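Chains as they are written, first to last, in UniProt numbering: chain D, 1 to 491; chain Z, 1 to 415.
Hints in this document: simulated from the structure, not taken from any laboratory.
Check before you lean on any hint, since a few could be wrong.
As the list claims (entries may be wrong) - What follows is a list of derived Cβ distance ranges for each label pair:
1) D:SER129 - Z:GLY413: 37 to 43 angstroms
2) Z:ARG87 - D:LEU221: 42 to 48 angstroms
3) Z:GLY264 - D:THR234: 28 to 34 angstroms
4) D:GLY14 - Z:ARG375: 56 to 62 angstroms
5) Z:PRO286 - D:ASP299: 24 to 30 angstroms
6) Z:GLY94 - D:SER129: 32 to 38 angstroms
Keep in mind that this is a model prediction, so the values were computed, not measured.
Here a beta-carbon is modelled for each residue, glycine too, at the ideal position from N, C-alpha and C.
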Amino acid sequence: MGESGVGRLGRVIGELMGTLGTGQVITDRQRRRTYECDGLSAYRVVPGVVVLARTAADVVTTVRACARHGVPFVARGSGTGLSGGALPHAEGVLVVLSQLRAVREADVDNQRAVVEPGVINLQLTAATSPDGYYFAPDPSSQSVCSIGGNVAENSGGAHCLKYGFTTNHVTGLDLVTPGGEQVEIGGKAPDPPGYDLLGALVGSEGTLGVVTAATVRLTRLPQEVRTLLAAFRTMDDAGAATSAIIAAGVIPAAIEMMDALAIEAAEAAVHCGYPAGAGAVLVIELDGPAPDVAGEFDDVVRLCETAGAFEVRVAADDAERALIWKGRKSAFAAVGRISPDYIVQDGVIPRTALPQVLRQIAELGERAGVRVANVFHAGDGNLHPLVLFDGGVPGAVDRAEEVAGGILDLCLEHGGSITGEHGVGADKAKHMPRMFTPDDLDTMQAVRCAFDPEGIANPGKVFPTPRLCGERPGRHRGAHPLAESGVAEVF
Amino acid sequence: MTDADRLADALRPHGGEVRTAGPADAVDGVPATVVARPVTTDGVAAVLREATAQGLVTVARGGATALDWGAPPERVDLLLDTTGLDRLVEHGAGDLVVVAEAGLPVAELLGHVAGAAQELVVDLPPDRLAGGSTVGGALSTGASGPRRLQRGALRDLVLGATVVLADGTVATAGGTVVKNVAGYDLAKLLTGAYGTLGVVVRAAFRLHPVRPDRAFGVAAGPAADVAARARSVVASQLAPAAVEIDRPAGSDVAEVAVLLEGAGAAVGRRAAEAAGLLDGRVQDEPPAWWGALPGGPGTLAKATATLTGVADLLAAARAAEQRHGAGVALRGTAAGVLHALVTGTPGATAGAVGRLRGAAPSPREGTVTVLRASREVRAALDVWGPVGGLDLMRAVKRQLDPGRNLAPGRFVGGI
Chain D
1 MGESGVGRLG RVIGELMGTL GTGQVITDRQ RRRTYECDGL SAYRVVPGVV VLARTAADVV
61 TTVRACARHG VPFVARGSGT GLSGGALPHA EGVLVVLSQL RAVREADVDN QRAVVEPGVI
121 NLQLTAATSP DGYYFAPDPS SQSVCSIGGN VAENSGGAHC LKYGFTTNHV TGLDLVTPGG
181 EQVEIGGKAP DPPGYDLLGA LVGSEGTLGV VTAATVRLTR LPQEVRTLLA AFRTMDDAGA
241 ATSAIIAAGV IPAAIEMMDA LAIEAAEAAV HCGYPAGAGA VLVIELDGPA PDVAGEFDDV
301 VRLCETAGAF EVRVAADDAE RALIWKGRKS AFAAVGRISP DYIVQDGVIP RTALPQVLRQ
361 IAELGERAGV RVANVFHAGD GNLHPLVLFD GGVPGAVDRA EEVAGGILDL CLEHGGSITG
421 EHGVGADKAK HMPRMFTPDD LDTMQAVRCA FDPEGIANPG KVFPTPRLCG ERPGRHRGAH
481 PLAESGVAEV F
Chain Z
1 MTDADRLADA LRPHGGEVRT AGPADAVDGV PATVVARPVT TDGVAAVLRE ATAQGLVTVA
61 RGGATALDWG APPERVDLLL DTTGLDRLVE HGAGDLVVVA EAGLPVAELL GHVAGAAQEL
121 VVDLPPDRLA GGSTVGGALS TGASGPRRLQ RGALRDLVLG ATVVLADGTV ATAGGTVVKN
181 VAGYDLAKLL TGAYGTLGVV VRAAFRLHPV RPDRAFGVAA GPAADVAARA RSVVASQLAP
241 AAVEIDRPAG SDVAEVAVLL EGAGAAVGRR AAEAAGLLDG RVQDEPPAWW GALPGGPGTL
301 AKATATLTGV ADLLAAARAA EQRHGAGVAL RGTAAGVLHA LVTGTPGATA GAVGRLRGAA
361 PSPREGTVTV LRASREVRAA LDVWGPVGGL DLMRAVKRQL DPGRNLAPGR FVGGI
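Next comes chain Z alone, as it looks inside the complex (with noise of 0.2 angstroms):
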């Protein structure tokens, strides 16, 4: 039983509201119970603790943009909002950092140190940008983007985070420099965690410089044959931002998209080696599809691959739509990173999630894990696939929140 009142009490000191959620708090189709605001990191600790004390289960919810993805939580008593915390905390422009809240949107952080021509290269997609996803939403979902190719994932840009543990515990790890191996990087454990060891409230990131000039190599044909070309560009010595591969649903032809930065002409010389590479055209402009997910109603998965497996997914997205009746998109980068929009009926998704995993030898070679889905489909399928080390991550789950307060259900095993 959700005791409104003493979480309105736990929070009155630091700040921020309590209030009795609506139909829109639903998380995934969840209804939840009570919705706090907290605007500090104290704020949080304390209606945490007293959740938890509770018996609560909370789950975090910033700009809600990926809310429906990981599997819905077992319930939800109390939505935590972290959109009070948006304060950029500090950006070091001449250190090349940045650290801020976790409920400041994304687009806020990029604006902001875009004022020292530089760039947090998360590349979320552009509807998620603009739907306000937040920098704890981002970290915690472990987002990525299209130039991950050359300068990692959101993984690799954090350097530090600050957690508050379903008991309340406030807990930081990492630092504010890019370079410190003080300690176990919890920080990078967290990312992808989708709220369930804590809820991070702060994190530190490095920054790029943006590159002042941009060109892009484009290029199309069939599957097999674009894979081949993108692949030719990613193992060239033209040190490309992005290679980047689209295959829409139903289509025998795939695109794919490179992009060079960098300064000056140079970069159109790398743009114009890469399109002859490519077999293509030099544009200056990314193609429309370029760093969105694949859009519409379906189910949203993410396909891992080799280098080299990136062909075989593409012609598994194709077997699996002539097999299974199912529509199968599938757009990401070169690198191995893709995400997969299949649409059909649960038995359809089902069939074709499992060809999409069939399409690497070995869990080590690709993994596909879905994002977002009905119910019907995801009782069809299992959702997570094979996770490697589920024993350790379940130890570590019982480590942190051993109650299972935060968002039980919602990831890989039940965790």
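Looking at chain D on its own, in the form it has when it is part of the complex (with noise of 0.2 angstroms):
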């Protein structure tokens, strides 16, 4: 112990200066505050040093820095994520990767890419649709977030019904880490032996190392696609629409909900053209092989009108499909038009329950006299919900921010998950411990503890009380917290 973390954080950044190139270490602090935040800008931290990694061995001279001296440190792609993952941290090192941009291999015929951690989503797709091929994990941010950071978060997007998450889409990587050790786990082979170190490595939010490359698959491009938009008079109705969908065996490769409030924010943002009177809208989209696609879409637009939709349309091109997705995309930003500040909430729940959840949350929010607009990946009953408030009205915040954590609970009550595809970060740390028991977060602490004793890698994420790696977990004996209130057996 002894020397301050600012001590230490001076003598990492006398050593990045004499090592790094000119302009790789940022200390001044107007530039530093530029990445104060990532995309989840109600947490913001200035970073004690900005490193701009331009080469695996510049992560690597930066880690091994950290560790000598006990530095926390924090990687950050494009920082669009959602949860504060890439928080900085004040006596710590921010890596930035976005420089790392290669794709150092695209090899179609082996089906797979070797790209580093600051290659854009949608920027290997582009690279390899060319050839028939593109990258499946597709986040609504995928034209600026990067593989890195879905690597690190294990991204989704609106087509993971069918296609997984970004943990289904990586077979290797090359990770430094919290000791600075390079080490290659997995390639372009599947199953690697030994254990499944890819598994725990995606998702776990930057906190056991810093991955600079990632192999990942490359998925053939459909045959066909196609999609339709169905207007329901009410969201129970789309509901049961889905319902039937997947009741009939049927997986789209999307289907995306969005309810009246919803639709509002987007036709006032992109005039998007939703048909009016619509209480929820479903976008569904189904892929694959020409004829099985055929046959399915009618089944599809059937069990819609069964189920009440009053308008169908279908999308009879790129641009048409284009037009039905603009809305969909936008709806998080379209909020903005008719709400000064909003909370976008990231909760599942199995996706039967999802009438019923949607009424509750529309319970809550009149409750508390707080409007929630909900667009969601209604297949995978995957919600967000998007909580509107306006700051300068006083309790405003407080209130929004009460409805948002209201409908974590009900999301935990039915036996989901407080986060689907934006992560845990430093927003809901505070969470876990409704989700999970202390041995729970005990043992994955200790997985932590194996790749990280130190603690230095994105520290105050994910956890919301770091474990020191020398002791013992505690044996804490009670009972899980949604067995004890009577909500879900232990699982």
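Work from the hints to combine the two standalone chains into their complex.
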């Protein structure tokens, strides 16, 4: 101990200034401030120092310096995360990876690409689609978010219902451990021998090290894509249509739902021309071999109409498809048109609980006098309620946060999760004990200790209370928080 | 010294039984001392806590269909029989999710969810399925079958797991919904860990709707041709559910079979297209070898490859036979996960495994690990081959099982 955090950071800065290139180590406070938050701007911390890594070697140099002096580091890609996962540390190093942006190899014969962490998600698709391939995980920020960030957060997207999440698309990682060792895990071949470290690393939110290259699957572009927009009078009808589609054994590439308020916002922002009078719309996309898609598409249209759809629009071409998606994809930003401020919540419920949970969310909002717009991945029960408020009104933030927190309670009551794709980060670490027991969290942290015994990799994220790696886990033999409240039996 | 009475005392409040082990309880030739068969998670925790306090080595056993996979454990003081935990906890048909206890036979799970026209796409080999392979066993051995090509391996289907650590700690990771990124995905870490990190007592999986119709495209020919044609189907837009290759030992000819799944006439049309790419024919039923591991006595190994490397693996099998006098049967998915049955003397087997390993330019492009082998063969070769990240794996083991109480010696690097 002894030396202060600032003192240790000073040593790291001194070493890095001497080793890295000119302009790679940013100490100027104004410039550091530009990195004070990621996509969740409610949390802001000016990083102690910013390192702009240009090579994997720069990352190794930086992490080793941090390890030598016990200084925390936080890796950052494009900074689009919505849970504060890349929130900097005031006495730590922010390692910016966005200049590591080479697609090292697009090996379409083997349906793999090797990319550096700063490569933008959509760029990989752009690079491989001329050959008939794409990178399947498609978070809505895909035109700006980095694949390194996708790996850290295990990003999903509208199409993960059928194609899975980032974790299902990573076959190899080059990792710089928090101790500064370079380790190659997996590669182009599936199933590397030993423990499934890739499974542990993807979605670990930068707490197990820094990835300097990822080998990912390339997915064959489907022969046919068909998209429809179905308008319903009520959310219940739209929910019933979703259930009917799943029950029919169809797994669409995507089923997205928006409620009236979300539609209103999207109309105001992008004039997407969704049917007037809709209480809910579904955007449904089917893809695959042409004959199969044609058959399933007819089934889906019929099921929507049976469930009460009063209008079904089918995209005739790419332009019409883009228009249908425009409303959905702009929805988050669009609520800015109807509310000065809003919180984007991310929770998961079993899809079958959808109608009930949506009613409960509406009641929650009414009781608090807070408007909630709903946009979500209906196929897999991943809710994105947008809790609207005016930060200028005294008490409004608190009421909005209460509603946002209440929505997570609803998710847990129904056996769901506090996050489906945005991650825990800094924002939801405090909620983890509502979903997991102390033993669950201790066990996860034991794994963390295997990678990061000094606790310097993105500290303060994911876990509400850090665990010292020397100590034996505390034996808390209390009941599970959910079991105790009679909500669920211990899973 | 195993104190069976104290183990029985620990288990008593939770039900289940403790008995003296017999010859049938040996694990890959290593005799066990005591067998405990708990019926609840708390029972597993109680008996493990006591066993570890006694300094015992515990090995978990489900249906014992792959108990001889992985290296033999250093010793077996306590055999933990998980078949008493056999409840199907929950089948959320509308949510396409199933939660089951570890000792539930996979066949029973499949039978249950089939009632809702759903399935767990694990594709266990038929003999393991019929032999009572359990949920925990399938998970712990990282089972892999034909339809992983499109729907992923078991590690891609597992949504959450509850594990009992050596010290009796009960921990859950993941959940019971298909989409969830809260906390570390320890369920994947436990998948394929051969019970060396903890005893899995419960797991949740994503299910798929059973597609009502299916058809196969099949062809046979020289191995290199077959590999190339298989790859053309994988690279097509036909969305094949599986593309399997079978190369019998000593043969210059290999077979390829493509599974198309879907609804209605569209499936047949795709099968015809696939058969066209294969220069083969369409049939309603799979070939007899479909989904099975290459059978018979010998050394069973798992070989991985890139899509293009599958051809090199097939060539290496032929070369190994000619060069080392071994027999090498290869079968598995064109996605690059195959099983090899190698026959011959320990020296010939070691030579053949080395030759298969050499088919890939580096372990990033393919690996060979020996699953089942005699002591003589194990002594003659490197069972695991190079393992990337072994130090991290050892560190994980130290954290979760610091006393090496769970199946020590069974896994990579002597873990």
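Here is what the structure says about each hint:
no. : hint                                    : in the structure
1   : D:SER129 - Z:GLY413: 37 to 43 angstroms : holds (41 angstroms)
2   : Z:ARG87 - D:LEU221: 42 to 48 angstroms  : holds (43 angstroms)
3   : Z:GLY264 - D:THR234: 28 to 34 angstroms : holds (32 angstroms)
4   : D:GLY14 - Z:ARG375: 56 to 62 angstroms  : holds (57 angstroms)
5   : Z:PRO286 - D:ASP299: 24 to 30 angstroms : holds (27 angstroms)
6   : Z:GLY94 - D:SER129: 32 to 38 angstroms  : holds (35 angstroms)
No hint from the list above goes unmet by this structure.
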